[in-house]
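Trainee: One letter stands for each residue in the lines below.
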Amino acid sequence: MTDMNRIEGSAVPLPIENLDTDQIMPKQFLRIIDKAGLNKGLLYDLRFDEHGEPLTNCVLNHPAYNGARILIGGANFGCGSSREHAVWGLQQYGFDVVIAPSFAEIFYSNAMNNRLLLVQLDREAVDLLLRESTNDPASKILIDLEAQTVTSTTSAQVFKFPLGARHKRMVIEGMDTIDLTLTVLTDIEAFEKRHFERHPWAAVM
Amino acid sequence: MSNHTTFYKKLVDSHTVTRIDDQNVLLYVDLHLMNEYTSPQAFSGLAEKHRPVRRPKQQLAVVSHIIPTHAESPRVIRDAASLLQAENLARNCDKAGIRLFAANDPLQGIEHIIAPELGLIRPGMAVLCGDSHTTTYGALGALGFGIGTSEVEHVLATQTLVYRVAQTMRITIDGALPYGTASKDVIIWIISQIGAQGARGYAVEFTGTTIASLSAQARMTLCNMTVEAGARAALIAPDETTFDYVRAHSTSLDEAAWMAALADWSDLKSDADATFDAEYSFDARDIAPFVTWGTSPDQAMRVDALVPDASQQGTPEAAAALRRALDYIGLESNRPIAGTPIDRVFIGSCTNGRIEDLRIVASIARGRKVAHGVRAMVVPGSGSVRRQAEAEGIAEILKTAGFEWREPGCSMCLAMNDDFLEAGERCASTTNRNFEGRQGRGGRTHLMSPAMAAAAALTGKITDVRSLENHHD
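If you're matching them up, the sequences are chains A and B in order. Residues 101 to 305 in my numbering are what the first sequence lists, from first letter to last. Residues 142 to 614 in my numbering are what the second sequence lists, from first letter to last.
Chain B extracted, bound-state conformation (with noise of 0.2 Å):
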């Protein structure tokens, strides 16, 4: 490899067929996944045009979005909508000899959570699928991006796909993270500072002795909502976290394979002197337990400040916005938004729906209950999830104090299936999007860590986890 040269770039080249301009390049896709409701309309467009499915082993489909989480076996369907939607994803890969994981698979989940633990993302990898959430794979050194419909029909008939190629951007973030704060703060944090514009067509690389601490499963949280900052992709180079995460995931591996795969990779990561289109530089000192206190994820506070105003905001447009969000989700300017009181609590989604996140929830729910009024909710990410926690013990603590203990899928993040808020109802919830209605109309959604999630379920109110655990102590 020449020097100079940024990680994104290196993914890039490995991946390039052909140049087609100065702006795009045919990009080799290693694998793509599907769900159920954005590829319907890329299968009929084949069928129109009598196209195969040029390589079903590079592809692997989920039923996640419309299924109902409701602790029931086997899992049943109702909305005859949503059922149409498994049945067609079922006909289509059946007829295409691609992998599902259907409604009642054990392996059934949500790609971002199921494609990681079943080992099937790795380092220098390229992985698309018709989801805006995966950049999430990134956190293992692969290029993961979302594409659309039109796109997903392009890469089932070629296996490639034409790529606008991004900007570079470099995050460093340094220094321990402070109590009671985890990667989700961090990136909440950090989109607050940028903007939900401020990566808009920039390829994000992540580095820095912060990003190094996290585990690989904190940086798919983190990877994983760089979108939310309009990033394209979102990159930390392979480390020895990376490698003992996709070591332990990927069995099918031999040991040679394993070395030589090791030796592979050892260039997975950017020059010394490469150079970056922009740059920022964060203190991990100034991380905070962050909740958003708006309708768009940038539009988000310290739980232990102030909600803004208007006079604050940068711009007129900001201004304007945060006008518009405030009269959306019913907070006042200058109010501390700790003591906010909430219906309802969300713990679950591609952002947060992982082991480590439900034992981060356990560990603070552990001989507590849930307090009176709220409907707390904890969707697993997968069907390994599930399991997991309950061999751990998880689900027993959770169900004890109160917790609704759910089958795996995307659920309450945003609300395809019968798991929605009212209007009015205000959601702690860990999911990665506050938009309007996104988890139902009228619905007022508060992003945060799955901590400050369970101290939002404990409490009824939006809570500062540092002081709920003091008290505990």
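This is chain A alone, in the form it adopts within the complex (with noise of 0.2 Å):
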């Protein structure tokens, strides 16, 4: 597994507001009961045209932005749908990290369940890296997750970004988190026992 704590690397910019899951991850691609063949079908419809042929102009198949870690973003990204699709195949394209205004709800969950690093900042702070990236696709970013900061390397800026503690552990750790969560099970189950001897209506099938 990548080492989350130091990422180092330059940056995709894709300054698309409300970027949804359907965009992201397509239909086409959902048809599958493991987790194969997502990188392929990454933002497919920004990245190819109807025939399959790569479209020179969408900043993914410029070849200065290979191999690059980070994706930037615009607000609301990864609205819409729940499919966890959308952060397998961003993982699997090779991103390790998000950076973008603010992050739909559940796509949140999802990436902090995949380790998929999401890094809020404020628009101006976005802009300014997506700006830097756009420039000169070699700048690089430095993401320092203990300390919770971004670094512009080409601008030497520096910006906090919020993670909560578990999230943030889950992230570096990579936790299993059914595993700490039956460490309650007693908890549970004495909790099961009340609820539905309070509420019997609750218990529908």
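Keep in mind that the hints were calculated from the coordinates and are not lab data. Hints are all accurate, no fakes.
Computed spacing ranges between beta-carbons, pair by pair:
| hint | chain 1 | residue 1 | chain 2 | residue 2 | range |
| --- | --- | --- | --- | --- | --- |
| 1 | B | Thr350 | A | Phe296 | 32 to 40 Å |
| 2 | B | Thr350 | A | Asp227 | 40 to 48 Å |
| 3 | B | Glu189 | A | Leu242 | 31 to 39 Å |
| 4 | B | Asp246 | A | Thr249 | 50 to 58 Å |
| 5 | A | Asp287 | B | Ser504 | 52 to 60 Å |
Here are the computed lysine-lysine pairs in the PhoX-like style, where the Cα-Cα straight-line distance is at most 20 Å:
| hint | chain 1 | residue 1 | chain 2 | residue 2 |
| --- | --- | --- | --- | --- |
| 6 | B | Lys510 | B | Lys602 |
| 7 | B | Lys236 | B | Lys190 |
| 8 | A | Lys135 | B | Lys190 |
| 9 | A | Lys260 | A | Lys240 |
| 10 | B | Lys198 | B | Lys236 |
| 11 | A | Lys293 | B | Lys198 |
Keep in mind that this is a model prediction, so the values were computed, not measured. Ideal placement from N, C-alpha and C gives every residue a C-beta, glycine not left out.
Both chains are sitting in their own frames, so use the hints and assemble them into the complex.
Mentor: What follows is the structure, given as structure tokens:
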């Protein structure tokens, strides 16, 4: 697994507001029972024409951005459908981090559960990083997860980003949340018993 | 219960097994619904770790998203990958002892249509599903929201979810709904007002006389689409309308159980002095038949207005989004949207695939014909809706008018099956998302109410349903 503590690399600028998960992972790639092939599906309609040929005007097809581990997006990134395939696809393509002014709620949980780091920054900070990576695809961004900072190595500006303690642990350690929850199984059982005794109507099946 | 408490907090508190930290609680899940495409990897994850499904009787699964909707019996899934998903779901459910509504089950349908109609959604419950439109259940006073596949696995293994508690928002709407409008117009209008991110991170409680006047099914449309404003949940405090609906569908509750439940539900509302993190108030007089003009649900307008231009957008980002959207959707600024020719009509989905929706469509289509060259599909939300529509004569009216009368499923709402738009085709749709490519690559979606979609089908263009009805009368 990638070391998520310190990530340094170039970034792909994709300043699209409300970029929904239908666009991030189109329907034809969802007819699977595993997680295979989602690197191909990522942002498919933006990357390929109707004949499957790469669109040269798509930033993701620009050779200068090959190997970038960071994607910079617009506000409300990942809105719409709950499909976790969007997160799996971003990772399979090679992204470890998405930077945006805001993220949709379900997408955020999905990302954390897969150790895709989501960095929320002010719009001004995101705009600066977008400009830098647009002007010079080789410009580097450094993310220090422990310190929760993003550094533009081009302009030497440093931005703090928010991350809950639990999510931070999830990204750094990749902890098994089910195992963690099952440590309080007796609490769940006690709750359950009391809950259905008090609220028998809540047992519907 | 303490004072100053919101309805949302009461629902979270009553399902909190334990508080994890200042952001997260371990939330108990009364009922978990599954479909064939967001659950397979969750079952695989369980199998890898040799974990059982902890509470099989609190799960329900249905084949909904990939199923073809051709009118054929028995129904056959011909696409190999889709068939594998359906068979895989059946295997997983069989192994775990989970109730499944498979392709040819008479009760098959879309999750969010069948769960309420089977009496499985009751006020005060917490109901989750690997589908974003699970917010629907707030219409009956239940906490419902969508989750991802990792979370589906967590729920299957523990019957709980690690849940980041949302902020609270109250949206008050007062006044009578104007002629020709429905709850679909209300929610599209609200999303256009507060934006596709306007309720991001919030649980939204709807209140006011307009909401009180809506039927239970109309409230489902409203709460269903609230997720398109980014909301984590949508809620309407249960009232007589709710109780009447739930009573009619909860046949398993006897009189004593029902009276006890009613007593238990009496506190399911926000306290009079509860405070919210955000508040909006709207006047129903401002509502008109609405239609989306762009590729995000907040890019919507009155049907009698002009397509907006970049200068009217509040921010540079919105202006850029407008240009991108108009380019995709093939409309020009400052022109009327009414009169725009359409190729396809889709009536159905978890937003508008209920019997009341089909009644409205039939009332407008009766004695008329679908316009020449327009392909109009009606996909009932469930087998029960389909049978009821047939019993009421609705199916006959629609077929006579030239609509295709199809089998239930999600269908062209997200086009995972073989119902989709060709590139450039323009569709009047009662669904919930007008995203680029949502209904097919290059397809152009205009979201609207069932009445407006019916008007579009009959005239072959985006049409103000109020003018149609006046003309007819």
